[in-house]
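Please assemble the complex out of the two chains, which come individually in their own frames, going by the hints.
Protein sequence lines, in the order shown, are assigned to chains S and D. First residue of the first sequence: 4, per this note's numbering; consecutive thereafter. First residue of the second sequence: 248, per this note's numbering; consecutive thereafter.
It is worth saying that the hints were derived from the structure and are not from the lab. It cannot be assumed that every hint is accurate.
Partner residues aside, some chain S positions facing chain D, computed with beta carbon under 10 Å [as the list claims (entries may be wrong)]: (1) 58; (2) 78; (3) 80; (4) 81; (5) 92; (6) 97; (7) 147; (8) 170; (9) 171; (10) 172; (11) 183; (12) 185; (13) 198; (14) 277; (15) 279; (16) 280.
Only a predicted model underlies this, so the values are computations on that prediction, with no experimental measurement involved. Backbone N, C-alpha and C fix where the C-beta goes; we use that ideal spot for every residue, glycine too.
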Amino acid sequence: MKVGPLPEGRTEPPTLDAGSSRLEAVLRARLNGGSKLLVPYIMGGMSHDWLEVAHAAVASGADALEVGIPFSDPMMDGPVIQEAALAALRRGTTLAGVLDDLARAGIGVPIVIMSYYNPILRAGHRRSAGMLAGAGVAGALIPDLPLEELGPWAREADRAGIDTVLMVAPSTVGRRVGAITARARGFVYAVARMGVTGERASLGSDATDVVERVREASDLPVCVGIGISTPAQAIEASRAADGVVVGSALVRRVLDGGGAEAAASFVGSLRAAIDRI
Amino acid sequence: MGAPGPGGRFGEFGGRFVPESLVAACAEVEEAFKEAWDDPLFHRELDGILADYGGRPTPLTECHRLSVKLGVNVLLKREDLAHTGSHKLNNVIGQALLTKRMGKQRMIAETGAGQHGVATATAAALMGLECAVFMGDVDMKRQELNVYRMELLGAEVHRVSSGSRTLKDAVNEAMREWVASVGTTHYCLGSVMGPHPFPYMVRELQRVVGDESREQYRRLRGGADPDVVVACVGGGSNAAGTFAGFVETDARLVGVEAAGGAAIARGIPGVLHGMHSRLLQDEEGQILEAHSISAGLDYPGIGPEHAHLAAMGRATYEQADDGEVLSAFRLLAEYEGIIPALESAHALAWVVREAGRAIPAGSSVLVTLSGRGDKDVAQVRALIGGA
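If we strip away everything but chain D, and leave its shape as in the complex, we get (with noise of 0.2 Å):
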């Protein structure tokens, strides 16, 4: 997973489709993020950030238990042990940076789960940016708690009404924002999706995921990799940077993707959001809203990179529905005393549904768990009952 090609292509995926007033700050964009990644200085000051204050790296935890349970070993990459609960922050801190090398003074982001939106307005506070967060009605009420936590961390959070009121009208609304306020504002773009460099940043930021896991992997296994590597997809951060890691190596690539917005099973290559890349749209070309458990997940696209790697067959895409990812959720928490977050259960779910059937018995298996479940137990609870 090198650099894409020009224009920004993943095979004939990516690119830059965003209106005139938007081109030039892309190309800013993608020319500072060109110089600081191949500066040591920023380098050493991220990794700085990201071991003192996002607790890096985050611990590779062999599933003993779940293993015994599965008949395949388990390994869990501990994402949600790292600041503000999820992978997000490895992203932030990275574009937050920039963004004061830009010169600029000020963030925005859009936030589906809340979580991309968290950990932007946490990367604001601890570099003094000022940050505003747009996030779909919908998903306010059903993130209410970090709806809150943004706001004490100081960012202004704008509800989104249009549309279908969630991630993907977050993005429209994010994207308009950033028209209007070019000059002193950068667009901290919460996955591997926009338009390019986008894409290729935050799986450059996020690949310390993957390099992290596979050197804990060798150094626990003696060298060895895992049979498959699985993470959970939406736009695909989090498994961008796992696979970025493990690329190269003989394991399997399993990105899992929610039942109700699976833009690689059931999308169709089309433009939103700055990028060519597989769509759930209808025949006209209108945008299908996704539908999953997950506001993490509610995304009728995926990031161009991963719509390039199936389409070559290097990694494959599978889904999980609501209710096996309910049930994920409980047995690891039951299993292991981890609580998932919603998102990261679709990965698990693909795992426990597929032991010892399209994962033959005795494999090893690393997950990337990309964020805590904390702020999905309220959810979790309304719908399964309990206490």
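Okay, chain S solo, but in the shape it has when bound (with noise of 0.2 Å):
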């Protein structure tokens, strides 16, 4: 395992501006060039094919990708999600084991980490943090640790430069949308609804309130997720946001065993759907 070499000992780390973030650099690059965005989520380790999945969902025209790390307990994620962390688990995967897994992968994209706080607080905020720089993940994003318990984490983030992607929620409004905003790199995450991930039957009502709220207070591009499940829900957020993040659907056609054949085949139909705004 690689851990990135990091000066010890110094007290005032430097904070990136947001020029300086290559996640949103890439993001910018795609949204300049007339595209919408689009983020598939696999859980890593999820299945022994995992990997040529991630690859069928780059090919497939993800413009970054959101990996899973396993956790017990995924309390904002619904029965699908639930399902594939239990299954990585069971396989014996570690944060450690995705990072090499990805580090060895070449994945075109940039690679986001979805991990729930104590798996990284337990390996330590400075190690995590060298961990994914080491693998060359671009960005983190920890559902559990909200803006308030941020700053051990993000001091360590920034300094190995792993962009901290926030989420702001319907119920997130006033003045901390702005602060949310503010601390947030690469990308801003808003949620969809009031809700665990999962599929839904309708993009649910709060998505674009929640898109208007992010724009107003920053220029970073913005991403909806949760409960986005078909080509149709990814047009309708993409048309306020600048693109989708899109979990429980892909993952449940692996779980399903569709391997990376369903995977490239369901990416695809999200990516032809939001090229067509």
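Below, the structure written as structure tokens:
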């Protein structure tokens, strides 16, 4: 496992201005080229062929890839991601193992790690951030680490050049939106509805409002996630936003045994849909 | 045991580690509780219900025969005699009043042994609120009667089949439901755990146990305080309420964990269920399953204030194993005519084991008997045999 060389004992970590974010730069280039953003999610280690699924998602039009680290108690996730986490843990998946796989795999787009806080905390903030950087990961999303508790992680992430992606929810109002977007790096994750991850029959009426609130506060790219399950919902969500994150609908296809082929077909259908906007 | 520091911290423990979607809801509960707790009318209403409906104050019972047998003077704070059979009612009546104050119509709760679920269903029925209780599949099997009691009280009981299918997974599922329904629903957390303000709020709502005990003991013993104060600890609500009444005295405070769920003895600081505390976890930060004869103590964490009291050395945390617990369960039944909850029997088991050792002969020991054991009789019968 590679751990990036980090200067120890530096008291004042450098803060990166928005312009130096690699994730943001890649996403902006895509947006400037007239594309909407497609960010599929796959659970690291969920199946023997998960890296093939990741490659297939990229080949089918992903602009960035979100990779989940399995956790025993995924409080923000519905049944599909819970099942994927359990499958990954049963296969002996660890944070270091997923990062080793990713470092070797040569995924051609920026990778954002999605991990609950405890595995990061257990490894240590500085060590985790260094491991992510060493594996070539661009960003991290830690759903149970809200703004008030973010400091110790974010300092080390900034220092290691890892972008901390933050969520703005339907319940996030007033000055809090600006406080979150000011600390967000890479892109802002707009939560489409109050609820956990999982496929839904409709997009939910909150999504556009959340995106508009983020737009008023920030110039960062905004991607909508939680519940986006179909090409039609992806179109609807990315009209106001810069793009979409799609997790459960893809992960279910892999859990059902569809493998890289089903992933390619589904991600391709999302790409074609949002390219029509 | 005053208010926590900024961000809901007890020393290094506590905090509010929740998804952004729940931050506003936690802040709303914090604000509503602060207003209510400063409002004499809220206290009048709460105290009135706990007295006229809940049966407070509960007695302090001196155990004459057991004291002779053990060589230490044992007194029991009788939370088993409160309505619904445990201390859980103190918390849920407060949170049900708060639910109405926040303009919400529904409470959800997690439950392990079923006592908190029954108490929440009871408070919901009393106040005309809807109620849904999340309970692990394993716990529903070993506490069938409590499942039926909740249903009789009008609650929906949701079977949780994820993870270890016990209390920790019931909390996960309740949190997931709360995210989706937070506009209309209050999460009535059952212990001194979870994100701020729950550890503080639940301790304050349970401090009536400790405050009553202290005054009752002083009346009985001419103003003196007990040498040792003992309570069982899962999440730790009855212990927190008990300790709150004695933390300013010279009494030695002892929490007793299940040996298979000893978060203080074997836990490592980490984050679960919205709090930073001591947790049973592996080297990858995956949460381990607790194992105990008692469903109510089958929890891999502990309330953050207990982790802090342990770090400060103000309280110590000991363990009792399943065998010691069953012996203590029988001993109290045979010597005092009281059948304790298996959870509460952990506190007694430590006293039985340590009387004349860690507890010097002749000491006075106040034990919080957090609940009655009717719910456990079938399980104990199956375990140790009998008629």
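Taking each numbered hint in turn, which are not upheld by the structure, reported in ascending numerical order?
1, 12, 14, 15 and 16
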